[in-house]
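Undergrad: In the numbering used here, the protein residues as written are 683 to 793.
In short, the hints are calculated from the structure, not lab data.
Be aware that a few hints might be false.
Said to hold, decoys possible - Cβ-Cβ distance ranges computed for the label pairs, FRET-style:
id	residue 1	residue 2	range
1	721	788	16 to 22 Å
2	789	763	15 to 21 Å
3	722	752	19 to 25 Å
Glycine included, each C-beta is placed from N, C-alpha and C at the ideal position.
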Amino acid sequence: MSARNRFAQNGLLLLAVTAALTACTGGDSDGISIVNESSNEVVITTGTEELIIAADAETVILGVDCIPDDVRAEFASGATETIAGPICADQELFIPAGDTETIDVRPASQN
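Use the sequences and the hints to build the structure in full.
TA: Below, the structure written as structure tokens:
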């Protein structure tokens with residue numbers, strides 16, 4: 683195989699991979715927000731990540747258009763709650779203030 687043919691094949695492969703990755707991330711998505719308004723840290727587990735969200739804090743999972751798997755929240759007391767996926771960038775995960783240990787999905791904030 684000539685160098686020109688290998689170069690063309692590699693170029694097409696690179697183009698295909700780039701297009702696939704752009705489609706997976708949605709292209710213009712900043713990510714998925716997780717807002718914790720409670721007074722305790724919460725451990726959030728997705729299919730591939732475990733994140734510790736500090737008390738009264740917010741974080742963003744950058745470059746992710748959708749979490750396809752269930753999302754599990756573990757609270758300081760040891761209680762857990764699971765929300766069925768997918769969770770997408772037009773939504774955010776929300777832990778409200780107060781004594782209830784719950785996690786909700788709501789429309790993403792437009793800050």
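Undergrad: Look at each hint and say if it fits the structure.
TA: Against the structure, the hints:
1. 721 with 788: 16 to 22 Å: 20 Å, holds
2. 789 with 763: 15 to 21 Å: 20 Å, holds
3. 722 with 752: 19 to 25 Å: Distance hint for residue 722, residue 752 holds at roughly 22 Å.
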